[in-house]
Amino acid sequence: MVATSRPTAQAAEAAPLSPVGVTALSTLLAAEHAAVYGTSAAGGALAPLGLPAAQARALAYAAYTAHLQLRDQLTALLLAADAQPPAALPAYTLPVSPGSVHGALTLLAELDDRSAAAAYAAVAAVGGGTRELVADALSQAAVRAQRARLAAGTSPATAATAFPGRP
Amino acid sequence: MLALPAAGLVTAAVASGCSTTLPTSAIKPPADLPSARAAARTETELIARYDAAIASHPSLAGLLTGLRAHHTQHLAALVALVPALSTAGPSAAATRAVASGAAPTPGGTAPPADDSPAARASALAALAAAERTAAGAHRATSLATTAELAPLLASLYAAESCHADLLGLGAAS
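Protein chains in written order, with our numbering: chain A, 1 to 167; chain B, 1001 to 1173.
Hints may contain errors.
For each label pair, taking beta carbons as the anchor points, the in silico distance ranges come out as [claimed, not checked]: (1) A:Gly-99 / B:Arg-1041: 21 to 31 Å; (2) A:Gly-153 / B:Pro-1034: 14 to 24 Å; (3) B:Thr-1146 / A:Ser-155: 34 to 44 Å; (4) B:Ala-1118 / A:Thr-65: 35 to 45 Å.
Some chain A residues well away from chain B (every beta-carbon gap over 12 Å; in silico) [unchecked claim]: (5) His-33; (6) Leu-51; (7) Ala-157.
Hints listed in this document are in silico derivations from the structure and should not be mistaken for laboratory results.
These numbers were taken from a predicted model, which means no experiment stands behind them.
Even for Gly, the Cβ is constructed at its ideal location relative to N, Cα and C.
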């Protein structure tokens, strides 16, 4: 990965959350719930596809574990702020069907783009260690989305975006 | 486009009856000018590195021109958010020139550069390292700055991280 510190143990030194911060982190957590579901679905769809899907499977697994970790950190932050973390839905409508390697990679890119957008929206609403967590989440989601686009055959110039997360 | 904020300042100065000095703070709450200026300097330096790499390795121009364009967009976004960037400070003229997308002005003909595959790989690796350093700088600034500037800087942190990753893949292949 790129030189970004992993968002571990930052929750402990989090600044107190404002109501706006609680809303922003709850929105990000909802996106993470969807991403955990979607990356898991991508991994499941890729599992029987064998060697040609090996790279996509590795990307799906890396994304899944990252979203799982961020989900748990956000949940802990909201609980520590006496807020009610939004629960995961039983199922989510996938924006792209992961039935093929290309579809699964497109799904991974879309999920990480959505996660990056939610992280971007949260940056201004939080401070201190929580902003660090959210900014790192934005950067890491952007890198994963770009890797998924590259693996799907998008040209490098198109796979990179000028303002990750920005609407 | 860049003249508009300055005209706005003048209008505000006249409207408020202040005819001798321009207001030093922006009309909105004062922006974190030092942070914006540091970020703009980071972008300007990256653009210069891309210009040098493109000049030495024309075969990489396809990829590098696209990434360079992101940095001119970054600079323009910083100026749009903090108009004082283009009207104050020693590097304002350079910032204005680069943000407006002005082409680099070659200062004479450089000696023919080594365009071997090994030299290209090392040029990509050097750019990747510069992007990584820039990502770290934007990250640190985004954590310390105001809520107004932090989202853009966080996005620039993400963008340079992506560039570093992309160039790293290119240097390795």
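Outcome of the hint check:
1. A:Gly-99 / B:Arg-1041: 21 to 31 Å: violated (48 Å)
2. A:Gly-153 / B:Pro-1034: 14 to 24 Å: Given range 14 to 24 Å: violated, Cβ gap about 43 Å.
3. B:Thr-1146 / A:Ser-155: 34 to 44 Å: holds (37 Å)
4. B:Ala-1118 / A:Thr-65: 35 to 45 Å: Roughly 36 Å apart at Cβ, these two residues keep to the hinted range, so it holds.
5. His-33: holds (22 Å)
6. Leu-51: holds (20 Å)
7. Ala-157: Nearest chain B Cβ is 4 Å from Ala-157 (chain A), so the label is violated.
In the structure shown, a violation is registered for the earlier hints numbered 1, 2 and 7, in ascending order.
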